[in-house]
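Chemist: Here is how the chains run, residue by residue.
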Amino acid sequence: MEGGVKSRGLQFQRFTRLDRTLHALMIVSFISLALTGMTLKFSYTGWAAFLSRALGGFESAGFIHRASATLMFGIFVTHLFELNRKRKREYGGSFLKMILSPDSMLFGKRDLHEFVGSLKWFVGAGPRPRYGRWTYWEKFDYFAVFWGIFVIGSTGLMLWFPVFFTRFLPGWLINVATIIHSDEALLATGFIFTVHFFNTHLRPEKFPMDTVVFTGRMPVAEFKRDKPAEYEALVAAGRLEEKLVEPYPPVVIRTIRAFAWTALAIGTLMVLWIVYAMVFAYR
Amino acid sequence: MLWDSARTLVKPRLAAPWIVAAALTLAPGRSALAQQNADCLGCHGEKDFTGERHGRSVSLYVPEKTFASSIHGGLQCVNCHADLEGKELPHEAPLGKVDCGTCHEAEAKQHAASLHGKAMKRGDSLAPTCASCHGVHDIRAAKDPASPVSPLKVPFTCGKCHQEGTTVMQQRNVHQDHILENYSESIHGEGLLRKGLVVSANCASCHTAHNILPHTDPASSIARGNIARTCTTCHARIEDVHRKIIKGELWEKEAHVLPACIDCHQPHRVRKVFYTQGMADADCLKCHDNAALKAGDGRSMAVDAKELQHSRHAKVACSQCHSGVNVSRRRPCETVTTTVDCGSCHTEIAQQYARSRHGKLLLDGDPNAPSCKECHGTHGTLGRLQGSSPTFATNVPRLCARCHREGEKAAVRYKGPQHGIIEAYTESIHGKGLLKSGLTVTATCTSCHTAHGVLPRTDPASSVNRRNVPETCGRCHHGIQEEFEKSVHHEMLGKTDKELPVCNDCHSAHTIRRADADGFKLDIMQKCGRCHGEIAKTFFDTYHGKVSQLGYTKTAKCYDCHGAHDIHKVSDPRSHLARENVVATCQKCHPGATRRFAGYLSHATHHDPQKYPWLFWTFWGMTSLLIGTFVIGGAHTLLWLPRAFQMRRELKAAKEAEERALEEQEQSQEQPRSADPATGGGAGDPEDRG
Numbered sequence: 001m002e003g004g005v006k007s008r009g010l011q012f013q014r015f016t017r018l019d020r021t022l023h024a025l026m027i028v029s030f031i032s033l034a035l036t037g038m039t040l041k042f043s044y045t046g047w048a049a050f051l052s053r054a055l056g057g058f059e060s061a062g063f064i065h066r067a068s069a070t071l072m073f074g075i076f077v078t079h080l081f082e083l084n085r086k087r088k089r090e091y092g093g094s095f096l097k098m099i100l101s102p103d104s105m106l107f108g109k110r111d112l113h114e115f116v117g118s119l120k121w122f123v124g125a126g127p128r129p130r131y132g133r134w135t136y137w138e139k140f141d142y143f144a145v146f147w148g149i150f151v152i153g154s155t156g157l158m159l160w161f162p163v164f165f166t167r168f169l170p171g172w173l174i175n176v177a178t179i180i181h182s183d184e185a186l187l188a189t190g191f192i193f194t195v196h197f198f199n200t201h202l203r204p205e206k207f208p209m210d211t212v213v214f215t216g217r218m219p220v221a222e223f224k225r226d227k228p229a230e231y232e233a234l235v236a237a238g239r240l241e242e243k244l245v246e247p248y249p250p251v252v253i254r255t256i257r258a259f260a261w262t263a264l265a266i267g268t269l270m271v272l273w274i275v276y277a278m279v280f281a282y283r
Numbered sequence: 001m002l003w004d005s006a007r008t009l010v011k012p013r014l015a016a017p018w019i020v021a022a023a024l025t026l027a028p029g030r031s032a033l034a035q036q037n038a039d040c041l042g043c044h045g046e047k048d049f050t051g052e053r054h055g056r057s058v059s060l061y062v063p064e065k066t067f068a069s070s071i072h073g074g075l076q077c078v079n080c081h082a083d084l085e086g087k088e089l090p091h092e093a094p095l096g097k098v099d100c101g102t103c104h105e106a107e108a109k110q111h112a113a114s115l116h117g118k119a120m121k122r123g124d125s126l127a128p129t130c131a132s133c134h135g136v137h138d139i140r141a142a143k144d145p146a147s148p149v150s151p152l153k154v155p156f157t158c159g160k161c162h163q164e165g166t167t168v169m170q171q172r173n174v175h176q177d178h179i180l181e182n183y184s185e186s187i188h189g190e191g192l193l194r195k196g197l198v199v200s201a202n203c204a205s206c207h208t209a210h211n212i213l214p215h216t217d218p219a220s221s222i223a224r225g226n227i228a229r230t231c232t233t234c235h236a237r238i239e240d241v242h243r244k245i246i247k248g249e250l251w252e253k254e255a256h257v258l259p260a261c262i263d264c265h266q267p268h269r270v271r272k273v274f275y276t277q278g279m280a281d282a283d284c285l286k287c288h289d290n291a292a293l294k295a296g297d298g299r300s301m302a303v304d305a306k307e308l309q310h311s312r313h314a315k316v317a318c319s320q321c322h323s324g325v326n327v328s329r330r331r332p333c334e335t336v337t338t339t340v341d342c343g344s345c346h347t348e349i350a351q352q353y354a355r356s357r358h359g360k361l362l363l364d365g366d367p368n369a370p371s372c373k374e375c376h377g378t379h380g381t382l383g384r385l386q387g388s389s390p391t392f393a394t395n396v397p398r399l400c401a402r403c404h405r406e407g408e409k410a411a412v413r414y415k416g417p418q419h420g421i422i423e424a425y426t427e428s429i430h431g432k433g434l435l436k437s438g439l440t441v442t443a444t445c446t447s448c449h450t451a452h453g454v455l456p457r458t459d460p461a462s463s464v465n466r467r468n469v470p471e472t473c474g475r476c477h478h479g480i481q482e483e484f485e486k487s488v489h490h491e492m493l494g495k496t497d498k499e500l501p502v503c504n505d506c507h508s509a510h511t512i513r514r515a516d517a518d519g520f521k522l523d524i525m526q527k528c529g530r531c532h533g534e535i536a537k538t539f540f541d542t543y544h545g546k547v548s549q550l551g552y553t554k555t556a557k558c559y560d561c562h563g564a565h566d567i568h569k570v571s572d573p574r575s576h577l578a579r580e581n582v583v584a585t586c587q588k589c590h591p592g593a594t595r596r597f598a599g600y601l602s603h604a605t606h607h608d609p610q611k612y613p614w615l616f617w618t619f620w621g622m623t624s625l626l627i628g629t630f631v632i633g634g635a636h637t638l639l640w641l642p643r644a645f646q647m648r649r650e651l652k653a654a655k656e657a658e659e660r661a662l663e664e665q666e667q668s669q670e671q672p673r674s675a676d677p678a679t680g681g682g683a684g685d686p687e688d689r690g
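As they're listed, the protein sequences go chains G and X.
The numbering used here applies: residue 1 is where the first sequence begins, and numbers increase by one.
The numbering used here applies: residue 1 is where the second sequence begins, and numbers increase by one.
Each hint should be verified, as a subset may be incorrect.
EDC-like cross-link-like pairs, simulated, lysine to aspartate or glutamate; straight-line CA separation at most 20 Å [claimed, not checked]:
#: 1; chain 1: X; residue 1: 588; chain 2: G; residue 2: 59
#: 2; chain 1: X; residue 1: 521; chain 2: X; residue 2: 566
#: 3; chain 1: X; residue 1: 655; chain 2: G; residue 2: 205
#: 4; chain 1: G; residue 1: 139; chain 2: G; residue 2: 103
#: 5; chain 1: X; residue 1: 527; chain 2: X; residue 2: 541
#: 6; chain 1: X; residue 1: 569; chain 2: X; residue 2: 483
#: 7; chain 1: X; residue 1: 498; chain 2: X; residue 2: 566
#: 8; chain 1: X; residue 1: 521; chain 2: G; residue 2: 59
#: 9; chain 1: X; residue 1: 121; chain 2: X; residue 2: 217
#: 10; chain 1: X; residue 1: 554; chain 2: G; residue 2: 59
#: 11; chain 1: X; residue 1: 652; chain 2: G; residue 2: 205
#: 12; chain 1: X; residue 1: 655; chain 2: G; residue 2: 226
#: 13; chain 1: X; residue 1: 557; chain 2: G; residue 2: 59
#: 14; chain 1: X; residue 1: 652; chain 2: G; residue 2: 226
In short, the hints are calculated from the structure, not lab data.
Hey, can you work out the whole structure from these sequences and the hints?
Modeler: Set out below in structure tokens:
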């Protein structure tokens, strides 16, 4: 069977078109939010002043920040709708069935086993766990975004509309919101641009980049190696064939790579800037 | 001439000859009826002795002492009241009028012909009699300072009728107005009334005492033809000093064509300053007009008459500044020993200058010290309102720069912190206003440092001393000064040992910018921070501060909330941040802000657990979360690394093995690379993926 796949040159489709679109939009909105937000957080560095100016001044930067935040909310809501649709279509409308399925995003007992198994594998005390559709670090990244949107989004709204919120909240909560918004954003930015980048792109076996989230496709062999549990389940169910698609033509791939590289580069530069601002220029 | 003899009569007469004359005339009647003064005073010596005149009761009291001390004290009552001669006492009343002319014949005659006398003859009730000026029983010699006709009293005696508001001035045809007022301000009036010079001309000196005639009467002392003589009575040889105006020989040959004194020196308003005095400039220019004229030490002594003509001093004679000339010398200036002292006219300014830094340097003999002429020039000196004057507002910076520009003689000896003064000023708002916009009211050097009282700022009397700065700036920025003087920065003066700010601490001295310029708005926060360091730092932790730090001015800065010049303690009800005002202050930028909104901590710091526990613990909670996440994520990644490298190596090896196998296959089958796409799909090489 594998031989047949090979000869036809088909690839395994891991992400739907909507997922990929949302991820791409998320990159645009997240980087915009981070860039514009950091100019304020690190306003004491020359970098920040330069960036702020480059973005058209603090008012323009503020507009970009708020527009991107709105986009982020939109992505979030779209995703929730998508989940709901999926629940109806694939799980017969059962919410429980969806979250308990092996393809669920929720953490389960299996993730704990895989986590412990991974640590063992890292230190040479066991074999590489046979990961399923979602590894525990992918689930962590996913929920980090959920948490981030809730925490940063809610405090961000308070800072956006302070007059409204202080109609029923004390003024000093705006100060608290500022700290939470800023530090959580730092956490999110730092985490995405280091740990997430490493786990998906920079880790040596994938280096320099894993484009699956942009193309939605991955070679079957890689799929089999990375997600053996899912692969086997599909083969066992005889449904692997329905997940196979033609790869994109090279021009599409090149475009996608250019976009991904840009995002990766901006993210890396921001990490450097944050390190510089926090370690060398802090005051 | 009549006026000639009249003039002699102005002189006070001695009483003695009249007593003799009176004695002679009275001698025959004395034996018949002895009417001694004592007899008269028997009744008239009583204070409450009254009689009736035209139906009205009048006092007929004659104070014995006053009469005895008068110039007529030695005479008998009946000498004057001649109609009582030989009458029984008590006599019938009323008596006939006393005729002073019985004794004072010449005066009486003059008076009768005079303006006053003619009026009297017409029956003008306002016409003065002898008594109007001289008194009655209390007549004193004109020499006696107590006399109403003594030189010092004459203006007042005449002024009884000839001053504004009197019936005479209102109802009679008198051509001059404000006579007494003008006289008192004239050089004659000043000499007489202020300096007590009894020889200074009074009314009678020009108008005569008894022979007063209108100027239209050719016999009058003030008639056009007679004026010169009247004036030269005192101003003898006046022609010597009028050579600049009137050619010498005309005084003799054609006196009638000369202008009368009053043509230039208005009657009653004569002032010394209206006319050049002393030597005529022409005399000086005879020599000094020569461009080649040099002093012994080689200095040019030439004077450009044209320059002088257009100067502020065009009407000032050479000898007024170059004082000490002696007109009786052949070379009148040979007696000049001192340099020009401007202070002889500009007294106050000279005194101020003497106290100034410039003045003191000059006094110390410093060769760099600027004297008057350094700034004002010499013969061509102009007023400061004349555009071409070096002291004209727009020229002042250039004038001061001659010494105070970097590297010049004043700048090199200056050890203070101000440098590049002229350049900085030129770029400042004042400099731009003055030099670019040409606003002559803009502050220039002298506006702050004063023109003549320049003192270093360390001097308490200096206009730029810390204590005086608000007042100096307030001369133009008065409203600001008023506001500032009510603020905590000024009210605390003397109540704290901290140095309180004045205008230039925030606005600087020479680099003042527009307060609505972005650069100034941003810099001002650093200025507040110089004293309010901690609170400024915490401001920069807030959104307002961070945006400001990025270089934008649209968010609240210190003065937006605290006020600029009207800063008060937050606890002061006048403060913009007082409980009553704070919401309105927030609303300036945040319309709809409520009291809760004002609870925002605009200087919050998360480093103070006592003051801001919520912020402190939020910050540390968030930081712990951040550190925790990074530690776990980082450790996970690091642990993973070796395995990831291992996998990379294995994959590479697998791929190479596959490629070898493929090559072998190709060679054996001698086929083109048709299996290529499959390789991409199977090897999982990251480079080929996608």
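Chemist: If a hint holds in the structure, say so; if it doesn't, say that too.
Modeler: Evaluation of the provided hints:
Using a Cα cut-off of 20 Å, the hinted pair residue 588 (chain X) and residue 59 (chain G) holds, with the two alpha carbons roughly 18 Å apart. Among the hinted pairs, residue 521 (chain X) with residue 566 (chain X) is consistent with the structure: their alpha-carbon atoms are about 17 Å apart, no more than 20 Å. Restraint check: the Cα-Cα separation between residue 655 (chain X) and residue 205 (chain G) comes to about 13 Å, which is no more than 20 Å; the hinted pair holds. Under the criterion of a C-alpha separation no larger than 20 Å, the hint pairing residue 139 (chain G) with residue 103 (chain G) is consistent with the structure, at around 11 Å.
As the CA atoms of residue 527 (chain X) and residue 541 (chain X) are separated by approximately 18 Å, the hinted pair is consistent with the 20 Å bound. At most 20 Å may separate the alpha-carbon atoms for a hinted pair to count; residue 569 (chain X) and residue 483 (chain X) meet this at roughly 14 Å. Distance hint between residue 498 (chain X) and residue 566 (chain X) is fulfilled; the C-alpha atoms sit about 19 Å from each other, no more than 20 Å. Restraint check: the Cα-Cα separation between residue 521 (chain X) and residue 59 (chain G) comes to about 17 Å, which is no more than 20 Å; the hinted pair holds.
At roughly 18 Å between alpha-carbon atoms, residue 121 (chain X) and residue 217 (chain X) fall within 20 Å of each other, so this suggested pair holds. Straight-line distance between C-alpha atoms of residue 554 (chain X) and residue 59 (chain G) comes to about 9 Å, which keeps the hinted pair within the 20 Å bound. Among the hinted pairs, residue 652 (chain X) with residue 205 (chain G) is consistent with the structure: their alpha-carbon atoms are about 9 Å apart, no more than 20 Å. Restraint check for residue 655 (chain X) and residue 226 (chain G): the C-alpha separation of about 16 Å stays at or below 20 Å, so the hint holds.
In summary, the hint linking residue 557 (chain X) to residue 59 (chain G) is supported, as the alpha carbons are separated by about 16 Å, within the 20 Å threshold. Proximity of residue 652 (chain X) to residue 226 (chain G) is assessed by CA-CA distance (about 16 Å); at most 20 Å being required, the pair is judged to hold.
Every hint, counting from the list given before, is met by this structure.
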